[in-house]
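Q: Sequence:
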Amino acid sequence: MSDDWDKVTVLRGGQKNHATVTKSESAVNAAKRMGIAVNTTAKDRVGGINTSSAHGPADYQAKAKLDRENEVKPPATVDKSVGQAISKARQDKKDANGKSMSQKDLATKINEKPQVIAEYESGRAVPNTALLAKMERVLGVKLRGDPKTIGTPLGGPKKK
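Numbered continuously in UniProt numbering, the sequence shown closes out at residue 160.
No wet-lab data here; the hints were simulated from the structure. Remember, it's a predicted structure, so these values are computed and weren't measured experimentally. The beta carbon of each residue, even a glycine, is placed where N, CA and C say it ideally should be.
Pair ranges (Cβ atoms, derived):
1. 102 - 39: 52 to 58 Å
2. 98 - 64: 58 to 64 Å
3. 75 - 31: 44 to 50 Å
4. 149 - 118: 21 to 27 Å
5. 63 - 129: 23 to 29 Å
6. 38 - 133: 44 to 50 Å
7. 152 - 77: 17 to 23 Å
8. 129 - 39: 35 to 41 Å
9. 148 - 38: 56 to 62 Å
10. 72 - 156: 42 to 48 Å
11. 29 - 130: 45 to 51 Å
12. 114 - 137: 15 to 21 Å
Taking the hints into account, I'd like the entire structure generated from these sequences.
A: As structure tokens, then:
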């Protein structure tokens, strides 16, 4: 029993199992012949068409376009007409006591902070379509889409 302490048992020997990146087709074929699991991905392919052959991948084009532009642009904000439509619809919406809806009331109905409503009404907020959709449903007026239709009442569900 004392000689059991001197024995060494190697359970895994040889090459370590780790992922490697190879660019040559011959290395991939050699790995397949050895029985190693191989995962191949094509980076510059979109919809089965090799985009790099004709005009380069779209993401490189976008990066190049951004590099050429030297101007720093602030993020787009909501239009003043949207802010005015929100405040008008909010004031026109009356509760059971005849009081108009406050910014805080609107904020609680759409699960947002009152500060966000104030930013939208002043025209300083970055537009969020999901938030505008919530406000449309609560206020019952259109806040997205064609600027001519902003502030018009929402139609009910389409009749079949």
